[in-house]
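Model the full assembly from the supplied sequences, consistent with the hints where possible.
In order, the protein sequences belong to chains H and A. Residue numbering for the first sequence follows this note's numbering, beginning at 1 and increasing consecutively. Residue numbering for the second sequence follows this note's numbering, beginning at 293 and increasing consecutively.
Bear in mind the hints are in silico, worked out from the structure with no lab data behind them. The model shown is predicted, which means the values in this text are computed figures rather than measured ones. One or more hints might be untrue.
As the list claims (entries may be wrong) - Here's a subset of chain H near chain A, in silico, CB distances under 7 angstroms, partners left out:
hint	residue
1	R112
2	Y161
3	E211
4	Q239
5	T240
6	P243
7	H249
Beta carbons are placed, not taken as given, at the ideal position from N, Cα and C, and that holds for glycine.
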Amino acid sequence: MSILVNKNSRVVVQGITGSEGTFHATQMLEYGTNIVAGVTPGKGGQSTIDGKVPVFNSVEEAKIETDANVSIIFVPPPFAAEAIIEASDAGIELAVCITEGVPVQDMVKAKRIIDQNNMRLLGPNCPGIITVDECKLGIMPGFICQKGNVGVVSKSGTLTYEAIGQLGNVGLGQTTAIGIGGDPIIGTSMIDVLELFENDPETKGVVMIGEIGGQMENDAARWAKKNMTKPIVGFIAGQTAPPGRRMGHAGAIVSGGDDTAEAKMRILTENGIAVCESVADIGEKMKKALNN
Amino acid sequence: MKIHEYQGKNIFKSYGIPIQDGYVIEHIEDASSTIEKVQKDFNSDAVLVKAQIHAGGRGKGGGVKYSPTAEEALANATNILGMNLVTHQTGAEGQKVRKVYITEAFDIENEYYCAITLDRGKTKDVFMVSTEGGVEIEKVAAETPEKIIKVWIDPLVGMKSYQARKLAFGLELTGDAFKTAVKVFVKLYQCYQGTDASLVEINPLILSEDGRIIALDSKFNFDDNALYRHPDIAGLRDKNEEDPTEVEASKFDLNYIKLDGNVGCMVNGAGLAMATMDIIKLAGGDPANFLDVGGAASAESVKNGFKIILSDDNVKAILINIFGGIVRCDRVANGVIQAVKELGLKVPVVVRLEGTNAEEAKTILSESEFAIIPADDMKDAAQKVVDAALKN
Numbered sequence: 001m002s003i004l005v006n007k008n009s010r011v012v013v014q015g016i017t018g019s020e021g022t023f024h025a026t027q028m029l030e031y032g033t034n035i036v037a038g039v040t041p042g043k044g045g046q047s048t049i050d051g052k053v054p055v056f057n058s059v060e061e062a063k064i065e066t067d068a069n070v071s072i073i074f075v076p077p078p079f080a081a082e083a084i085i086e087a088s089d090a091g092i093e094l095a096v097c098i099t100e101g102v103p104v105q106d107m108v109k110a111k112r113i114i115d116q117n118n119m120r121l122l123g124p125n126c127p128g129i130i131t132v133d134e135c136k137l138g139i140m141p142g143f144i145c146q147k148g149n150v151g152v153v154s155k156s157g158t159l160t161y162e163a164i165g166q167l168g169n170v171g172l173g174q175t176t177a178i179g180i181g182g183d184p185i186i187g188t189s190m191i192d193v194l195e196l197f198e199n200d201p202e203t204k205g206v207v208m209i210g211e212i213g214g215q216m217e218n219d220a221a222r223w224a225k226k227n228m229t230k231p232i233v234g235f236i237a238g239q240t241a242p243p244g245r246r247m248g249h250a251g252a253i254v255s256g257g258d259d260t261a262e263a264k265m266r267i268l269t270e271n272g273i274a275v276c277e278s279v280a281d282i283g284e285k286m287k288k289a290l291n292n
Numbered sequence: 293m294k295i296h297e298y299q300g301k302n303i304f305k306s307y308g309i310p311i312q313d314g315y316v317i318e319h320i321e322d323a324s325s326t327i328e329k330v331q332k333d334f335n336s337d338a339v340l341v342k343a344q345i346h347a348g349g350r351g352k353g354g355g356v357k358y359s360p361t362a363e364e365a366l367a368n369a370t371n372i373l374g375m376n377l378v379t380h381q382t383g384a385e386g387q388k389v390r391k392v393y394i395t396e397a398f399d400i401e402n403e404y405y406c407a408i409t410l411d412r413g414k415t416k417d418v419f420m421v422s423t424e425g426g427v428e429i430e431k432v433a434a435e436t437p438e439k440i441i442k443v444w445i446d447p448l449v450g451m452k453s454y455q456a457r458k459l460a461f462g463l464e465l466t467g468d469a470f471k472t473a474v475k476v477f478v479k480l481y482q483c484y485q486g487t488d489a490s491l492v493e494i495n496p497l498i499l500s501e502d503g504r505i506i507a508l509d510s511k512f513n514f515d516d517n518a519l520y521r522h523p524d525i526a527g528l529r530d531k532n533e534e535d536p537t538e539v540e541a542s543k544f545d546l547n548y549i550k551l552d553g554n555v556g557c558m559v560n561g562a563g564l565a566m567a568t569m570d571i572i573k574l575a576g577g578d579p580a581n582f583l584d585v586g587g588a589a590s591a592e593s594v595k596n597g598f599k600i601i602l603s604d605d606n607v608k609a610i611l612i613n614i615f616g617g618i619v620r621c622d623r624v625a626n627g628v629i630q631a632v633k634e635l636g637l638k639v640p641v642v643v644r645l646e647g648t649n650a651e652e653a654k655t656i657l658s659e660s661e662f663a664i665i666p667a668d669d670m671k672d673a674a675q676k677v678v679d680a681a682l683k684n
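And the structure:
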C-alpha cells in the first residue's frame, strides 16, 4: 500500500516535449513510472523519448486513447493554471504541477474549477511525489528513497530530500514522499495528506515539514490531535527569517499572528507532534517515535 | 514588488478612485513652482509635503508635513527632500528620501482603513474596512477585532454590490457618501484584480468635511509572478528602495536576502536555505543572508552566489549546503573550486554536499589545492562554519 500513486497509475505528461518535460519524463520512466502519454498542443501524432511515449494535442485526447488517470505538469508559469484546468476538465483524478512562479490569481481561479471537477492537485511549485519503487512523478531524486514505513509530507523540495536522507541514515524507509508546494494557494493541504497516511496501513509514522507563512501547519496539527493515531515528527523552517520578507517560496512570508516558526512550533508541540528544533534531528526523532 | 504612494494613487486614478492629488519633485529647485501649481490646480491653499519611500510609518518619522502656506511648504520640502527618514519599517539605518510628493489638503470629517488581500485558508479575497483609520491596523486587529468589517470575495464572481454595501454600512456612511463609497469599493476590487496585486491598502480613506470619499494614501504589493503581464507596473520598480546587493543578485536569478549576521550561506532550495540559516543560529552563529541558488545549482550560479556573499564585509565564513537531486554534486564542487580560483579564499569555506555524486564531489574538494573544509552532515557543517567564523 501507499498513497495517491502506485505502479498502476497511468500517467500523462503535460508539456512532455519541452526541455524540462523531456528530461524528467525520461527519469520517471527509468524509475519505473507507468507513463502512457504526453501532451503538447500541435505535436499530436508524434512520439517522444525514443518512441516510447505517444504525444497528443490535448489531455482529453490522451485520456480517451490511453485511459490516463494521473497527470504531471511541466508547463511554463503563464500557462500552468490553464494546464491544471485542462486536466481536470478531461477527467484526470490527480494532477501534479511542478511549475514554479504561477500567478496567485490564476491559481485561486484554477482551484475553484478543480474543486468543482473533483480532481486532486499537488503543487504548484512542488517537487512532486514518490511511492517508493513504484511510481515517481516530478523532480525528486528517486535513488535517495528506500521502501519502508514512513510517510513524508513537505512544503519544500530539497528539505524533503534532507529528511529522506536522514531517515535512510537511521535505517528507515518510506511509503510515499510528497511535496505539496510552497505557494500561497496549493491544491492539497497537509491535513489532506495526513488523512491519507492515517488510512494507509503500511505507513507507521509521518514526517511533516513546514515553514513560515500561512496557517496550514497549525490547522494540520489541530486536526492530527483529534484524528491521527500514528506518530508525527514535525519541523518548521524559518526560525531566523525576518518578518515581512518573502523567503524564496511565494508563500513563505511572516505577515503577523501565528505564522512565525516559533508560533507554529509551539502549536505543533501543543498538539502532540514531536517537533525538531534542529533540522538535523528529523531522522533520529522519527526512529525514536516509532520505537515508542 | 512595492511602489511609491504617488504611483499607487495614479493607478487608483486610472480606476476612477478619487484621490488626494498632487505632483512629485526630485529637485528642490522645482519645489516653489510645484507648490504653486498644486495650490492652483487643486484649489487648495494648504498642501501636504510627503516623503516618498516604500516603508510605512512616514508620518511618525517626520516625513509627512501639513503646510498651511506656500512658505511653510517650501521649508518642509527643503527639510524632507534628501533627509534620512527612520521609521519602524526602515530599521535604524533609515531610508534616504529621493522624491517628495506635494498634494492638496482636505478638512477631514472621518478616517477609515481599507484593504484587500488573499485569504489563503478560504481561497478567496478578503476585503476589510474599519472606522479606526489612520492608525496601525495590526493594533486594531489585536485589541478590537470587532471594529474590522470583512467580506470574502469569490474571484470568479467578483465583488458584488451587496458586499460593498455591507462595508459602507459598517462604516456608518449615509447619503451620497454611502453611494460613493460603494462605488469606490467595487472599483478598488477591480483594481486589485486588474493589477494582480497581493495587497492593496488605503490608510486612511477619508470622508471630507464637504462629504467626499477620498484616498489619502496608497499601498500596493504586487505578485512578482504576475508582473510579466503588467509591464507598465514592472516599470514602476524603484531600485533605490531596495538593497543594492539584492538588486545585483536578482540579475543572476539568485534569491538573496541580506541579514545582519556574519556566517554567509549558499543553499539549493528555499526550505533547505531557511533550515540552514536556522541551524547556523542553533550552533551559536548568526546567518548573514538567505541565498537560494535554485534547483539547478550550476558552476556559474555557485560562482555568482560566492561574489554576492563576499560583497558583504560582515561575512567571516561561508557554508555551502547542497542536496543534489537533479543537480550533480561533482559539478557543484567544480563550481566551488572555480569560484575560489577566481575570487580567492578570503574567508573559510565549509562545504556539505549530499545526494547525486556526493562521493566524487568530496574527492574533488579534498584533492584540490584549496583548504576547503568538508562537512558530513548539516549539524557538522553548521558547527564547523560557526567555529571558523569565530576564529576568523
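Hint check:
The interface hint given for R112 (chain H) holds, since its Cβ lies 5 angstroms from the closest Cβ of chain A, which is under the 7 angstroms cut-off. Below 7 angstroms, beta-carbon pairs count as interface contacts, and Y161 (chain H) has one with chain A at about 5 angstroms; its hint therefore holds. About 6 angstroms separates the beta-carbon of E211 (chain H) from the nearest beta-carbon of chain A, less than 7 angstroms, and the hint is met. Interface restraint check for Q239 (chain H): the shortest CB-CB distance to chain A comes to about 4 angstroms, inside 7 angstroms, so the restraint holds.
Hint on T240 (chain H) holds. Least Cβ distance to chain A is approximately 4 angstroms, under the 7 angstroms limit. Here the hint on P243 (chain H) is broken, as its CB sits about 10 angstroms from the closest CB of chain A, past 7 angstroms. Checking H249 (chain H) against chain A: minimum C-beta separation of about 5 angstroms stays under 7 angstroms; hint holds.
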